[in-house]
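Protein chains in written order, with full-length UniProt numbering: chain A, 1 to 232; chain B, 1 to 364.
Since the hints were made in silico from the structure, they are not lab data.
Note that CB positions come from ideal geometry on N, CA and C, so glycine has one too.
It is possible that part of the hints are untrue.
Partner residues are not named here, just some residues of chain B that face chain A (Cβ under 8 Å, in silico) [as the list claims (entries may be wrong)]: (1) Phe70; (2) Pro73; (3) Val78; (4) Gly79; (5) Ser353; (6) Ala355; (7) Trp357.
With a straight-line cut-off of 30 Å between C-alpha atoms, the simulated DSBU-like cross-links for lysine-lysine are [unchecked claim]: (8) B:Lys291 to B:Lys350; (9) B:Lys124 to A:Lys123; (10) A:Lys46 to B:Lys10; (11) A:Lys123 to B:Lys350; (12) A:Lys123 to B:Lys10; (13) B:Lys105 to B:Lys124; (14) A:Lys123 to A:Lys46.
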Amino acid sequence: MAGWLGPEEWQAVALSLRVALWATGLSLPFGIAVAWVLARRDFPGKQILNGLVHLPLIMPPVVTGYLLLLTFGTQGPVGAALQDWFGIVLAFRWTGAALAAAVMAFPLMVRAIRLSIEAVDPKLEQAAGTLGASGPWVFLTVTLPLILPGVLAGAVLAFAKAMGEFGATITFVSNIPGETRTLPTAIYTFLQVPGGESAALRLVVISVIIAMGALLLSEGLATRMARRISGA
Amino acid sequence: MSVEIALRHKQGAFRLAVDMHTPGGVTALFGRSGAGKTTVVNAVAGLLRPEAGRIVIDGEVLTDTQRGVFEPPHRRRVGYVFQEGRIFPHLSVRGNLLYGRWFAKRGTRGPEIDHIVDMLGLGKLLERRPTALSGGEKQRVAIGRALLSDPRLLLMDEPLAALDDTRKAQILPYLERIRDEAQLPILYVSHSVAEVARLATSVAVLHGGSLVRCGPVADVLSDPSAVRALGVREAGAILIGRVAGHDSDGLTRITVSAGEVFLPQIDATLGSMIRVRVEAQDVMIAREPPKNISALNILPVEIIALRGGAGPGIVVQLGSGDDRLLARITRRSATALDLTPGLQCYAVVKSMSVARWDVGSQGV
């Protein structure tokens, strides 16, 4: 594989995988939490939270990227604080690419998980309460096992989105080889230089393989989980 | 063990106002749908926060709106068997049964799982997934699960309503065993007089959100003034008796306080106490001991009260030894026989009119 791919191409694939894994992994707990709040709680401002979550899906990705730059750039309020207090720099780093991918993928993740939470019968959670389980335990022992297929679906969607994120990433962290040049930006770059088509094509093939693989894996796992849960 | 329930609650146009005190045993909350039965048990479980009210179990205050006390459901130690079972689909039968165990206080072990599994006949089902269970099996698992969470009070919201008659008849003996063995007070919601007659030790009759009658089951079921609330067609009192013998022709002889009655073969050991529901429409009244009649059961009775409504029928309350019977006869017959309170006469009941379903164990 590494022989078939040039070092630059390999670098882009590896970086994309790393960015997508981190973006998915780190945003998953938040995704579950936000999905649960949206599915099960009523509070003033719920529609605003819902809107904020979905904003990256609706806005042009360039706008999201620019807002990220304004907020998390070294001059931005959050970015400056992160740098001063923790020494964390996001702008023009692969970590920033992961943040951009996570933000862009978040609405898809939340939607999938929210749907699965809404499908859980609250009466089961009530029953768990009468058996002595407090709120967090009810979630861990009843809700979470029942929504696992939905969580998995949400994670795979988010992973796929993160692998393919382009607009916000290039705006926020640019296109630095080895640091922020992910698969899509690499394909874009190869297409800009004469003779780069074959490299671009190889990356396209890899993209398709990864996307299909993730989809098949998640479908298989979800079917198995659903069977386990329903016991059929 | 005692449970105090005082509630005021409004839901849309529906108003609930209940004040009751249950002495332990099985207290049936009886009423038609919409009478407020489920609202009461939900408030006891903590699934509903009443507008005003106080719920106390054995001196421990669970809800007191005046003092701002509201224990959440998981800290009440109140078991709940729901109408639809609510078995966790992702756990095996064993996992469901043990669920409450994870959260029970250390030290208070409660009943042993082996005992409960035995009592409810769940031995062969332990490794099954819930989807592979029939409705009756699911309900037994739900009952076992609630018992194993070591509750101090068990709520049952029409646990048999979703089952057909055969399944009901299969589960009722288990419920009788819980009543007789587990020493656990039960609040049992039902709209079936037959179920109440089999299981309850006391009855609270709800109608339109208020309590119309509350007392020991034999008193309430034999009270002519409660007949309307219970439903005329289903009215019937209970006789308590001891199994005295199984005759070779398939009848079982039962000693009751006023004599002997014969019923079609009952599955009960000699000497055990049983209760028999005798429907009011199956009881005839005769001024003299009838002769040459096919009915086997003729008990000397005294007329205690007569109560009629607008229709052609009246309900007669009869004293039969320590027991009470109800007879539903026409006003015309009552006039013709000149029935008045204090009169001695005879109650006639066909053996075959008593359904197997209406005979249950009485415990002690």
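Original post:
Looking at the structure, which of the earlier hints fail to hold?
Top reply: Result: hints 1, 5, 6, 7, 11 break, sorted rising.
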